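Participant: Protein chains in written order, with the working numbering: chain A, 1 to 364; chain B, 1001 to 1530; chain C, 2001 to 2317.
What the hints contain is simulated information worked out from the structure, not anything from laboratory work.
Please read these numbers as outputs of a predicted model, since none were measured by experiment.
Quick reminder that beta carbons are idealized off the backbone N, C-alpha and C, glycines included.
Please note that a few of the clues may not be correct.
To be verified - Here are the simulated DMTMM-like pairs of lysine to aspartate or glutamate, each with C-alpha atoms no more than 20 Å apart in a straight line: (1) C:Lys-2300 / B:Asp-1149; (2) B:Lys-1105 / B:Asp-1149; (3) B:Lys-1105 / C:Asp-2140; (4) B:Lys-1105 / C:Glu-2183.
To be verified - Some chain A residues well away from chain C (every beta-carbon gap over 12 Å; in silico): (5) Val-118; (6) Leu-119; (7) Ala-121; (8) Pro-122; (9) Leu-123; (10) Leu-127; (11) Gly-182; (12) Ser-190; (13) Val-334; (14) Ala-337.
One letter stands for each residue in the lines below.
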Amino acid sequence: MSEQSETRELTPAKAPVAMPEWLHSLLGTLLAISIALLGGAVIAIMVGESPFHVFMTLLRGAFGGPDRIAGSLLQSTPIIISGIAACIAFRGGLFNIGVEGQLYMGGFAAAWVGFSFVLPAPLHLTLGIAAAIAAGALWILIPAFFRARYGTNEVVSTILSNYVAILLTSYFTIFVFKRPGGWSETAPISTTAELPQLFEFSRLNWGLFIGVALAVGLHMFLTRTTAGYSMCAMGSNPKFAEYGGVPIRRNVFLILLCSGAVGGLAGGVETLGVHHRFMEGFAPGFGFDGVIAALLANGHPILTIFTALFFGALRAGSLLMEVETNASRELITVVQAFIILAVSAQLLVRRRRDSQAGERRWKY
Amino acid sequence: MSDHQGFRPTPSFGAPMTNAIEMRGVSKRFGPVIANDDVSFAVKKGEIHAIVGENGAGKTTLMNILFGLYHPDTGEIIINGEKVEVDSPRRAISLGLGMVHQHFKLVPSLTAADNVFLGIEKTRNGLIDHAAQIAQTREFSEKFGLSVDPEAIVANLSVGIEQRIEILKVLVRGAEVVILDEPTAVLTPQESRELFRTLRGFTDQGMTVIFISHHLSEVMAVSDTVTVLRDGKVVGTRPTAELGEDDLVRMMVGRNVSFSRRKRPRTDGERILSLKSIWARDNRGLPALQDVSFDVHGGEIVGIVGVDGNGQTELAEVISGLRHVSHGEIVLHGQKIQDGDPRLVRHAGLAHVPADRLHRGVDKADTISGNILMGRQDEAPWSSRGVINWRYVRERTEELIKRFDIRANGSRTLVKTLSGGNMQKVVLAREFSRAMPFLLVDQPTRGVDIGAMEGIHDEIMRQRNEGAAVLLISVQLDEIMTLADRILVMFAGTIAGEVDADTATEDEIGMLMAGRNLSAAAAPTVNEAS
Amino acid sequence: MEVLGDIFNLALIAATLRTTAPILLVALGGTFTTKAGIFNIGLEGQMLIAAFFAVLGSIWTSSAIGGVLIGMMAAMIFAGTFSLLVVTLRANEVVVGLALNILAGGLTISLTKAIFGTRGSIVNPDIVGFAPVNIPIIDDIPGLDRVLSGYTPLVYLAFILVFVVWIIFYRTRLGLHIRVTGEKPEAAEALGINPNTMQHIASLMCGALAGIAGAHLSLGYITMFAENMSAGRGFMAVAVLIFSNGDPVKVLLGCLLFGFSDAMALRLQTFGFPSYLVLTVPYIVTLAALFMLTYRQRPKIIRETLESMSLVRRQEP
């Protein structure tokens, strides 16, 4: 008797109308942000600044005028694209922590196409972007293969490949393609490969729209298509998906490859749209910010746009904050970390833990 | 353990007046469900006391209360004449109770001795004294006739020996009352007999044994006293000698229930599934299926029975493409599938109700319609050109919710909010609505209440009568007897024999389940020889 | 020439042992969480925060030991936060570990700016580091003195700890209970061992060792703190833990491999190889080892042979 009737009570006849998933996510996120800002305030006091002053400077840096807002959007662009890269893996029940490395490889590949070839405008740009995508996919190829085929933990393999990517691109920049007279940067790309800017006063470019389009596209893919459905089922309960005829290994490989490709694209957009060359350490932490933005959005592509915009604004604001106050710009990293910790404790994980994946996968 | 010398060895009957255990007016609710309702009964010192009842009658809950795992809402527990508060297993152990759970809790990588002393390790200078633990385990196993190699690694041992280790664990903690929850569920009849001999040995030394069971024949054979539970209430406590098996059934069920064979038209369908000399290994690389061959035809139900763990799980996995075959050929609906993945097998014509419905059968985080879609997401009209037709999916889901009487608020209900029985109905609705030529149905009524059980049986019969080939795997012998046209008995990864369901008796099947071949004395067991 | 070759080899061995020490310390810490069934990606952050606070502690207390203790405390606070979130609040291990790594990175830089007013690194004459220890008897044996003597105390400690950790796991109740918690938590629970408590303890012990590892980075051979000075050693340790399954002896072997590749990389650099390429060597070696060993541990697809079938059949009755 116990089991059946005990659980029968849980049938939805009496269950309250469930809060929509997105609203639940949003409320949790807002709470987490408040907790994190409190943590940031503590650090600000330690630095000897008034938290209010630091916070206002941050806000002014992010939103004080059209150029500042454009700056925030500019900082957000690579985070949105990296965030989508992370979302792809995350929704398939996988972690791609190597977005940072893919972003470096993609950025470098795009720059290389940009300064090595002479081609007409649309073709050159397309080729540059294609190179970035290919480089990102290539950079996750081996971890993806071993994860799919032999179950090699992709968290560690993608993290470690970040270090190799950063060192390798630095090597190419400084030892092979160094601009004569310049310091640790390559020659500029030809204008035919540049991603067009949106305004005169800012380097903000079409990359922003690429990011938003990717997010919307991914959302449609996940909710409307057969492949997206199979992917979500895999992320939620791989044993069920396997039973239902979803080819797990093949999908693991493809999901990670797509995730890496988008990570590469993030780097390509950054070099072709913003820097117009490859510079050593050109994008510190964008890939990681993207991963965090995706985690914060619980893998929801549309929400990822907003979390990425938030992180982009924080970044933009932190530049001014560092100039005008004692606090270093890494203060915002601390705030981001606090947000993730707060969110992980109360929301995100409850859903993930429900799934088999959460329990099965994190054992060695 | 020398405490036991203090007890007078008591004969099985005419026990002393003192009660080892008495529970008075114990009630326990889980939410609105009453698991135990004003339960009172007493266990005499030195007897074997059986607690019987149907699944869900409240037996396990009652024992968990006694052992301090649950706290009763009302009622008291009296041990050796003293009212006590059992608020934790630790307290229960200190009161001389010991419990052997239905699911063993041994650590596979440790030795038998390490497992026995886990939590009460013997130490010398702060380090674990393995030698002393081994010596003492050996001493106990000899004293109580539980033969166990203390230095063997548990991962390599059989279920029967694992159970002995579980009992040793209880004994070294000084138990005077040993409680066993469904101890024979995983044992062969021979192992069960040996277990009961051991248990009788305990009572001869003055200890008390309580065991939970729903196997009436073994209750009749070994217990001194029986307490019957039904719907959480005590129906009665009687000396076993005063009862017949019929009385016991009536007390348990409260009515005369006989699983009668379903009437069926004879059909002669074509061969749908054929296994030829199938071999497979389990997760540890040990042989799980050995030379298994059989056919299933359209319009028949082939039942697979056997003691849990004799290869049924692997058989289901092999057929559904979830496990690699190490040798042999499987043909489903004219297509070779032995090297196929689940997708190929499904396309060849499989509908599959898995035993592990929570993990394999549903995605609890998804909606009912998301669950109904699984397996046919590539088929029109469910989807076209890679895009899912959600409107169609939801309409069909609503329809199935009605047809299968799934208690839910529509197709968008999340499956995790459903009860176990309704989750199972979601699985059945999905698979039975596929109209596939072959149906693999694994433990369809596990954890399902009796009313729902009838419905599920009706549905399986309907599929059969419409011409589907059905392979029904179940540990419930009566379920197989009710539904199957032919019965295959599995033992140690082989098909031990086939019997005609119309003429077979439970005894006949029981012999096969124990690995004793009917046709030839091919494998005389060690026990019989000695 | 032969003598030169000898010296080269001995020096390389010494360099290997020296570079092995920090990763060995942090990996040994990770054995506790691994055995307790926690995937601890946060080792990197624990090491980094400890490196920073060890410098701070060394200045405050004017002693290297004091620095180590304060570094350990900082890492244990991180470890405690990790287990609080992961074990008690059941948050996702990967997410929490990553967040704590990010927090360590941001916090050390922010606090460097706040306390020292500088960006990037702390170089300060008040930092008290460890002096190399010479072992008297070994010092008198030529050859051996170069290999076994003259390390800072934490290097010796790292190798002694391999043995200690082994004893803890296989000869003490605590270690046994940690292993049982990781392997079969329900068995632990049934016998009155609280799996959550064991996981908290394991995490704190892990923090303590990661703390020593971090202190070794900033107070061992160089006495300074630099931003992100752990440079992925925590992640390498996680890789070692994955294929060693937390066994202390296998951890030692794995760490020696990485120590050796580290030492080789430094040596190659002096031969004029570009430093950027050379620095990738330890990461590539780790990745290669990770891939190779998981390939070797892959589940095998068995095909029966005539022999296997008849063999099995004979055992059957």
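Participant: With 12 Å as the threshold, tell me whether A:Leu-127 passes as away from chain C on beta-carbon distances.
Facilitator: Given that every Cβ of chain C is farther than 12 Å from that of A:Leu-127, nearest at about 27 Å, it holds.
Participant: Can we confirm that no CB of chain C comes within 12 Å of the CB of A:Leu-119?
Facilitator: holds (30 Å)
Participant: Using Cβ atoms and 12 Å as the threshold, tell me whether A:Pro-122 really stays out of contact range of chain C.
Facilitator: Nearest chain C Cβ is 35 Å from A:Pro-122, so the label holds.
Participant: Has the given pair, B:Lys-1105 with B:Asp-1149, been kept, meaning a C-alpha gap of at most 20 Å?
Facilitator: holds (18 Å)
Participant: When you check the alpha-carbon spacing of C:Lys-2300 and B:Asp-1149, does it fall within 20 Å?
Facilitator: With a Cα-Cα distance of about 31 Å, the restraint between C:Lys-2300 and B:Asp-1149 is violated, given a limit of 20 Å.
Participant: Is the nearest CB of chain C more than 12 Å from the CB of A:Ser-190?
Facilitator: The claim holds: A:Ser-190 sits with its nearest Cβ about 26 Å from chain C, beyond 12 Å.
Participant: Confirm or reject: A:Gly-182 is not an interface residue toward chain C, with every Cβ-Cβ distance exceeding 12 Å.
Facilitator: holds (17 Å)
Participant: Holds or violated: is the Cβ of A:Ala-121 farther than 12 Å from all Cβ atoms of chain C?
Facilitator: holds (34 Å)
Participant: Check the hint pairing B:Lys-1105 with C:Glu-2183 against an upper bound of 20 Å on the C-alpha distance.
Facilitator: holds (11 Å)
Participant: For A:Val-118, which was marked as not at the interface, is the minimum beta-carbon distance to chain C over 12 Å?
Facilitator: Per Cβ check, A:Val-118 is outside 12 Å of chain C; nearest 29 Å; holds.
Participant: Determine whether the non-interface label on A:Val-334 survives the test: each CB of chain C must be over 12 Å from its CB.
Facilitator: violated (4 Å)
Participant: Is the claim that A:Leu-123 lies outside the interface with chain C correct, judged by CB distances over 12 Å?
Facilitator: holds (32 Å)
Of the hints listed earlier, those the structure fails to meet are numbers 1, 3, 13, 14, in rising order.
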